[in-house]
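Participant: Going by the UniProt record's numbering, the first residue of the sequence shown is number 1, and it counts up by one from there.
Worth flagging that the hints you see were computed from the coordinates, not collected in a lab. Check before you lean on any hint, since a few could be wrong.
To be verified - Computed beta-carbon distance windows for the label pairs:
#1 D78 <-> E153: 30 to 40 Å
#2 G113 <-> Q189: 17 to 27 Å
#3 P141 <-> A107: 19 to 29 Å
Said to hold, decoys possible - Listed next, the in silico SDA-like pairs over lysine to any residue satisfying Cα-Cα at most 25 Å (straight line):
#4 K149 <-> G97
#5 K149 <-> D163
#6 K149 <-> D164
#7 K149 <-> D137
#8 K149 <-> P165
#9 K149 <-> A122
#10 K149 <-> A136
#11 K149 <-> E123
#12 K149 <-> R166
#13 K149 <-> R173
#14 K149 <-> H162
#15 K149 <-> R119
#16 K149 <-> R160
#17 K149 <-> E126
#18 K149 <-> A96
#19 K149 <-> G104
#20 K149 <-> G161
#21 K149 <-> A114
#22 K149 <-> G103
#23 K149 <-> S139
#24 K149 <-> A188
#25 K149 <-> A179
#26 K149 <-> L159
#27 K149 <-> R135
#28 K149 <-> R115
#29 K149 <-> A178
#30 K149 <-> R190
#31 K149 <-> L169
#32 K149 <-> Q116
#33 K149 <-> A171
Please read all numbers here as calculations on a predicted model, not as lab measurements. Idealized CB from N, CA, C, for every residue including glycine.
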Amino acid sequence: MTIVAVTISAFEGSRPVVSRSNPARICSCQFTASTLPRRRTRQDEPVDTAETPPAQPLAGDCPPGDGSLPAVPGLPDDGPLTVLEALAAAAWLIPAGRAVAYGGLAALLGAGGARQAGRAMAESAEGTPWWRVVRADGSLPTQLAVVAKGHWETEGTPLRGHDDPRVDLSAARWQPDAAAQRSLERLAQRSRQA
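Produce the complete structure using the sequences and hints provided.
Facilitator: In structure tokens:
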């Protein structure tokens, strides 16, 4: 299989885009963007699992306890956000081993819908834990499920069965605590400003 490389400029609009050549600190755990797996940028792009590095802990693994927003690559500290930016930032709040459906993430944020959440995951910054946001039946498109399964196994995400590459949402569904709920409310407020 061949992997198609997609080059993204250093800035998207006025917001910086994190790349492997520009690692950025993403959380208090001090993991950098350079330690994160390569994110597929197009749905029709083939995935070569042999070249996919193992999953690394992400910002969602160490959410802030005070309700502040996680440090998300490319996300400004303040000011308005688009709904897609807010949905992508909300994915960083989901802890390892947990998952939520596309529509569920949009409902928690109070903005957008399942299709917008899916688009937000596809267009999100490198390192966004997209594998924690799945279809309502716990699945992902086949080419993504191959990569996601490694993340799910590493994080201990409950799956439906050994040969069934779907998340068991009844066991893995993320229920935000008070701090995560405050973070979601802040993201929702910022998305309404746009």
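Participant: Identify every previously stated hint that the structure contradicts and give their numbers, smallest first.
Facilitator: 24, 25, 29, 30
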